[in-house]
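**Student:** Chains as they are written, first to last, in this note's numbering: chain A, 9 to 129; chain B, 9 to 129; chain C, 9 to 129.
Be aware that one or more of the hints could be misleading.
It does not matter which identical chain is used: a pair holds within one copy or between any two.
What the hints assert, rightly or not - Pairs of lysine-lysine residues, derived as PhoX-like cross-links and limited to a Cα-Cα distance of at most 25 Å, are as follows:
hint: 1; residue 1: 95; residue 2: 10
hint: 2; residue 1: 18; residue 2: 95
hint: 3; residue 1: 18; residue 2: 45
hint: 4; residue 1: 45; residue 2: 10
hint: 5; residue 1: 126; residue 2: 10
hint: 6; residue 1: 128; residue 2: 10
hint: 7; residue 1: 95; residue 2: 45
hint: 8; residue 1: 45; residue 2: 126
hint: 9; residue 1: 45; residue 2: 128
Calculated from the structure, these hints are not laboratory results. Everything numeric in this text was worked out from a predicted model, so none of it was measured.
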Amino acid sequence: MKIHRINPNKRWSDIVVYNGIGTFTEVADSDTSADIKGQVQQIFEQANTSLELIDSDNSRILAITIYITDFNNLDALNEVWDEYFPKNCAPSRACVKAQLADPEYLVEMTFTVAAGDKFKS
Amino acid sequence: MKIHRINPNKRWSDIVVYNGIGTFTEVADSDTSADIKGQVQQIFEQANTSLELIDSDNSRILAITIYITDFNNLDALNEVWDEYFPKNCAPSRACVKAQLADPEYLVEMTFTVAAGDKFKS
Amino acid sequence: MKIHRINPNKRWSDIVVYNGIGTFTEVADSDTSADIKGQVQQIFEQANTSLELIDSDNSRILAITIYITDFNNLDALNEVWDEYFPKNCAPSRACVKAQLADPEYLVEMTFTVAAGDKFKS
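All chains, full assembly: derive it from the sequences and hints.
**Tutor:** What follows is the structure, given as structure tokens:
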């Protein structure tokens, strides 16, 4: 069975898929000065792109771990979050407070997802 | 291969199973005023229920990530923990300090488990 | 399908493999007084040993979650990190700040890896 690495560089691969399951981590890439809603929106847009690259979509997200820097932002995060998943397709979720590598980052999310069929072997 | 979501709502699914592997996250549900031992006991009771829902049991836990709010509670956590797993069935474990969404929560645990056979397809 | 547990004790198993995928967590075992580079080197040496135990190697690491106690150490961590992975074999990576169980630990890493063929059943 093949390990599929999308955009590997010396430090990380943007996505890794093995045995039909993909993993990727997102922080806001385009505008780190955005507020929490803006950062969550960027993360989900980036996730959509990542999912498409492995023939998947937002109905096939298995689990997300949310690292949030300030729980005062959780309600606003949830507002964007609750709109994102198709009906009956929300993932398992863990949510903890953690400081992140860039002080402007307000949230980082690790996604575990079901990839498309061609990534199963 | 099917994605199995147990009790999906708009924000999360209690358990997600794919490719025979289940994921769920637990915090003390019934009494958040309990001390660390009480919260760990609640988490393991809830985990037993979750495991049963996917035809599994506490001999089939693959990995747990422990988020604990205060390492002074770690010895007490370990006392309950060490009694929980059947002989030779302890999981891989990570344990880090993190603040949690409800200030009463003392610990949150993410479980990765082997589901029962009927969840393999 | 069998659950493979390497060195199980009552608290954890050093490695757990299921469905061809292994999980293990490493902190510096031999010298916790080492600086960040020394601790990262120890972690990768330990990972090499763990990988060998499941017929794998450092070209088959799928994902790593890094828990670092101080982001001032991140550049030094990356120096060792960038040398470790074979070309085009870097994993998906998450990196958050967290305090660890032993105050001397500067970093803890959770590895998800592809095990060797004999661990697939």
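**Student:** Against the structure shown, which of the earlier numbered hints fail to hold, in ascending order?
**Tutor:** 4, 8, 9
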